[in-house]
Each structure stands twice: as C-alpha cells, then as structure tokens.
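Mapping of the sequence shown onto UniProt numbering: residues 1 to 667, in sequence order.
In short, the hints are calculated from the structure, not lab data.
Wrong hints could be hidden among the right ones.
Stated by the list, open to error - Under the rule of at most 25 Å between Cα atoms (straight-line distance), these lysine-lysine pairs were calculated in the DSS-like manner:
#1 392 <-> 351
#2 90 <-> 188
#3 23 <-> 88
#4 101 <-> 597
#5 25 <-> 88
#6 577 <-> 80
#7 597 <-> 653
#8 90 <-> 72
#9 80 <-> 49
#10 49 <-> 90
#11 101 <-> 80
#12 550 <-> 80
#13 581 <-> 597
#14 577 <-> 597
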Amino acid sequence: MEKIQQTMADFRPNGENSVPAGKLKIFFGYAAGVGKTYAMLEAAHQAQKEGLDVVVGYVEQHARPDTLALLKGLERLPCKEIDYRGIKLKEFDLDRALQRKPQLILVDELAHNNAPGCRHTKRYQDVEELLQAGINVYTTVNVQHLESLNDLVSSITGIAVNERIPDRIFDRANQVELVDIEPNELVKRLQMGKVYRERQAKQALQNFFTPENLAALREIAMRRTADQLNRTALQEGKEKSAKAGEHILICLSSSPSNAKVIRTAARMAEAFHSGFTALFVQTPETKELSGDNLKRLRGNLHLAEQLGAQISTVYGTDPAVQIAEYARVSGVTKIVMGRMNHKQNPLTGKKSLADRLIELTDLDIYIIPDHQPLYKNPLGKPRVPKLHLTWKDTGIALASLLVSSLVGFGFYSAGFGESNIITVYILGVLITAVCTNGHFYGAVDSFLSVAAFNFLFTEPRFTFRANDPSYPVTFLIMLFSSVIASSLASRVKAQARLAAQKSYYTELLLGSSQKLQKGRTEWDCLRLTAEQLNRLFARPVLYALSRTEKDLAFRVEPSDAQSVLAELGPEEMGVAKWVQKNNKYAGATTNTLPDSKWLFLSVRGTQGVMGIVGIPIAGYSIPDAFEKNLMVAILNECGLSQERIRLQEEQNKAALGSLHRPGTAKY
C-alpha cells in the first residue's frame, strides 16, 4: 500500500534533454524596509560587471529614490498588464522572460499572489519555472511569508499574512543572504518616509513595526537562515534519522485549528530531522462533509503537502483505533494534535480523542491548544444527520415489523413466554438495520416494536396500558436492546462498506500493475491506465503519448466517448503542452492554469515525460486525497512500463543495425 500513500508532490524533469536547473538566491529579511531589494540590485550590478547577462524581471519600487537609482544601467522587462475588475494590474511577464532567457533575472517579492489570468496563482511558481528553464534567479522574501512560521508570526504581531510560500522553496535556495539592520534603525527609516508614505508609515508604526515585534521577527529570521545554511550538511544525517529515528504524525481534519497543528508539526520535524506524515482517517461521516468543512479539509491537506508531509489515508469507524494502529505499524514516535474546545458530555463519559490515544499507545503525544471559537454550519444551527428516506427502506421496515408481529401471534397462540416474543421483535429490528440505509429506520423500528409488543401482547391487550408494574421495566429493556442491536448492525455494515472500498482500491492498483506487465506497446500501457482511471473516477479519461518530435494526439477511454475530444480547445491543449514541457500537473484543482476544466498530469519515467493524461473536473466531483494518491501511483506504474517497452525497442533497433553493418556475420 506504500504506492497508494505517495503524495501529490510537484513533478520535476529528469530527462536526458532537460537543461541544468538554474540557481536561486534569496535576499531574506525580517520586515519590509530592511533593504532586501536594494541589496538585490547591488548584487545584480556586481554580476553584470562580471560579465553575466542580467535582466530585471520585476521590482517593486515603493517610490524609494535609492532603489530607483539602482535600476539605472540594468535591462528591464516590460510588465504584463491584466485587467481585473476594471483595474489595470501590472504583473511579472513569465513568457517574455522565458523568451528573453537571460543568465540572471531579478524577480522581487517571491510570496506575491498573481492576479487572476496569470498562468500561475503564485509568483514562486513563476520562479520555479524560470529555474527549470535553466535561468538563475535573485528574489526577496520576508520571514512572515514562510508557511511554517505563519501562525508563529501571527501570534507575535497579531496580523495574519495571506501571501505565503512553501518552506521547500526557501530550503531549495542555493544561497540565502540575510539582509539585517537594527530594529531602531528600521523605525527611523520608517519615520523618515524611506519605507512607506506618511499615512502608511504611521499605521505601520502603531501595529506591525513596534520595537518588540521587530526584535522577535529578527530573531526568528536569523534562526531560520541558520537552519537553511546547515540544511545541506545535515541532509544525509536527516535521511538516516527519518528512517531509523523520530517520525512525527499529525491527523488531518476540517477543524479551523488544524492548520496550526500542521505548521507546529512541520517545525518539529525540521528540528528533529524526522519523518513527517499527515494521516487522514476516512469515516462514513467524512464522506458527508460539505461547505466550509470540506473547503477547510482540502486546504489543510494542501498545506500538509506544501510543508513536506507524506499523505496517508486509512479507513475505519473509530479514528482513535485507526490512528493507534497506523502509528504502531509505521514506526511513529510522536503524535501532534489539536485540543478540541468542544466540551464533552459528562453524562455519557465519552473520552476525547487525545485521551483515547494516550490509552491505546505509549507514544509522546503533543497537544496544541485550540483557542478558536466553536465552528458551526453556515446556518448557525447544530448539525443534524441527513435522512435518506426511500419507499424501499420504508417497506422493508414495515414488513419486518409486520412479520415480527405475525410470528409473535404464533408464539402467543402456542403458549410461548413473552421473552420469546421480545426476541422476535429484536430480530426484526436487526433485519431492518442491516437491510436499510442509515440509522433512522432501525431506531424507528425499535420504538414501533416496543409499542406493538405493548399493544398486542400485554394485558390488557389491544391497549397501550399495562397492568403489571414490571412491564415498564420490560419495555425499557426491550427498547435499549433494540436500539443497541440496531446501532451495532449499522456500524458493522458501515465497516463492511469501508473494507469493501479499501479492497476495491487495492485490487485496482494491483490489477493495474498486472495488466501493464502485459502491454506490448506504449499506447497499450496508456490505454490500460486510462481504463483503470475510468473505473476509479467514473468519467472519460484522455491519454496521449509524449514524443519530442511529435504533437500530442489524444485518445479517449471509453472509446465510445469520442465527443469529449471536441471539448479540447486551444486553451486546454495549451495546458496539456505545458504539462508535457514542464513535467508537472496543471489545470483544474491546481495553482497552475486553474481556470481549465481539465486536470492534466504527466506520466513519468526516469527519463522524463512518457505520456499525458487528462481528467475532466467540471461537472464531476473533485477527487479526494486518497483517490489522487492512487491515481499518481497508477501513472507511475504506467511510466515505468512505457520506459521498459521503449528501452526494449531501442535495444532491438541497435541489434538489428549491428546485423546489417558491413563485416557483421549473418546466420
């Protein structure tokens, strides 16, 4: 199952035709105004003197005379103008930069959110594409924009920062230069108008730029820079530690505080140089998540991926048991989780998830306090389970009650005791719970069975009165027995459904591997993969072979869905070609060309892109985390099979060529 649990990490090119990746230098500061852009421009002039082809891709000037002066003598690319809600926005022109292709390009404000209409939603993705094209990049970023430090900085300053970058971008930098000045000096620069205009400066001095805040941010920036500088030397030791030492586990949920838990665990994993896993326990209730809860869950999943967590999914009805069992078999040493601020009911005595994990494991469990307000559904009312009433289930419940009563009449006529009749009704409740959907029919049948037993078989008969003072106790015992039996039957049925679903996914992955081994051509491998994805998602799947000398020619599975090919306009084909070129996934549900109606993914081999697969998203449900991981595992299997076939073809051609070479013996 390890292949299923692979994360949807960004793909990187690894082909023989790919150019060496460019180098990234980050000018890092603890606040705006410390001089990051100024230092970057000075370094650019020095690089130009050394003979490098330097271009300014984008620099935020902030009306600072000293910064504007340093732009002289450097080639500047025109910005890309985007009309957004009647406002002209200037953005970095990625396509123009790739066409110009200098040796070094300057791209200011790495954490910037691009305007709608740009290829990528984040500027750091533009920088990644530049690096992939072999262009060296200078850029700037502040400490509060690092994803793992966001909640820490927010707790210090009281200000939430929306523009953030994954820590992996910062850690992959070839060089980080800390641009540092004393906090008092920064405050003076702010007061003199060298950072912001007068009105903005006054507001900043009252909120973010207090001496206490600046001192704390400066310390965090220094520590983070030191961690990045030591990262390369510790990388080998970290990999060994992740395999044989600490392993941190967090649980994904839709709770508003889950993001804080994820960031805390990521910082712990960095400090311990340990493995980091984000576990999602899929229960019958999680399938019913919608609205804000579903949005938060997807956001937390994406955050965990950004911070380098391995995403794993397990199925079950008891999260505590599933988490404990996964921790045991996966070598987890620490569990980080949030503390629920929902009060437990003292009458039921039900323990919290943290308390149950402490009982079930002997691991170190770290509880992150949750000071978030209680979150409710959009209507502000308590959540009520949805009732799925059908004529079929209603008929089953009534028929079960009727048959139980008829059998009870038979027992009563034969002189059997009341305990036998009660057993018949409990059996009827069990049958109702097993044969209907949800808990509703079983619960209702429990009450109706008690009422029917009272009306039909207790003295005086055919009334709801009971002469014997012991009957109320009998009714209560019968009711509790029926409700418990119904609940247990429903739970067993839910567990059976989850087990069947897990078995189906496992069978799908194993079946894909077996079928791909039988593929004779690369097209066969892609077609078999598309068949499996069609079974997984119940929607048409596009597939195309990737050859550098040929254009993409998509086919569709199932073959009778040819009308889908007509939906591939120039924009969708552009997304597919971008995926082929960059060996990443793009389109719907991603941060690259997100306005597309399709999700395109590359089929990877060790030598690069082997094929392209397209999954329609518009009009269909969005695949969950487990389905995405399973999809990537199947695509990786396909890529390896294609590579095996391509290598065999090349060997056959080489062997055939040697037979026809002059002087070669022929038999």
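Hint-by-hint comparison with the structure:
1. 392 <-> 351: violated (38 Å)
2. 90 <-> 188: violated (30 Å)
3. 23 <-> 88: It is violated: about 32 Å lies between the C-alpha atoms, which goes past 25 Å.
4. 101 <-> 597: It is violated: about 31 Å lies between the C-alpha atoms, which goes past 25 Å.
5. 25 <-> 88: violated (30 Å)
6. 577 <-> 80: It holds: about 22 Å lies between the C-alpha atoms, which stays within 25 Å.
7. 597 <-> 653: violated (41 Å)
8. 90 <-> 72: The given pair, whose Cα atoms are some 20 Å apart, holds under the 25 Å limit.
9. 80 <-> 49: It is violated: about 28 Å lies between the C-alpha atoms, which goes past 25 Å.
10. 49 <-> 90: Given pair residue 49, residue 90 is violated - Cα atoms ~29 Å apart, limit 25 Å.
11. 101 <-> 80: At roughly 17 Å apart (the allowed maximum being 25 Å), residue 80 and residue 101 satisfy the hint.
12. 550 <-> 80: Outside the cut-off at roughly 31 Å; violated.
13. 581 <-> 597: Holds. Residue 581 to residue 597 sits at ~20 Å (cutoff 25 Å).
14. 577 <-> 597: Satisfied, since the Cα-Cα distance of roughly 15 Å is no more than 25 Å.
In summary, the structure is inconsistent with hints 1, 2, 3, 4, 5, 7, 9, 10 and 12 from the numbered list given earlier, while agreeing with the others.
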